[in-house]
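Colleague: Sequence:
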Amino acid sequence: MAEKSQNVQDVFLNHVRKNKNPVTVFLVNGVKLQGIITWFDNFSVLLRRDGHTQLVYKHAISTVMPSGPVQLFEPDKKDEDAAAEADGNADADAGPEASVEEVADA
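Here the working numbering is used: position 90 in the sequence shown is 751, and no number is missing along the way.
Honestly, I wouldn't trust all of these hints.
Claimed, not checked - Mimicking EDC-like on lysine to aspartate or glutamate, the simulated pairs with C-alpha atoms at most 20 Å apart in a straight line are:
| no. | residue 1 | residue 2 |
| --- | --- | --- |
| 1 | K679 | D711 |
| 2 | K681 | D671 |
| 3 | K679 | D702 |
Don't read these hints as lab results, they were simulated from the structure.
Whenever a hint applies, use it, and build me the whole structure from the sequences.
Modeller: And the structure:
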């Protein structure tokens, strides 16, 4: 049986909901709402702040911005190895200091 794919919207909203990350929701009319997402479905989001809950329709939302960084997916092992290798090569790069020494030796 084929694996069910998830869309990034659902993954993102579920992540900030589960972790109770505070978010800022910008609406298409310029209004800024802040709170914690407690529930969402295909058409709306429940946003809670100071004990009050607001039902916000998704068609009115422009942007959802979490208060901190969000890592939605675990990086692959090969991606981690490539990043570590790239960090190691950055130290091996001679940079501008080497070119100054080479000029002085010439």
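Colleague: Against this structure, judge whether each hint is valid.
Modeller: Consistency of the hints with the structure:
1. K679 / D711: Satisfied, since the Cα-Cα distance of roughly 18 Å is no more than 20 Å.
2. K681 / D671: holds, 15 Å
3. K679 / D702: This hinted pair holds, its Cα atoms lying about 14 Å apart.
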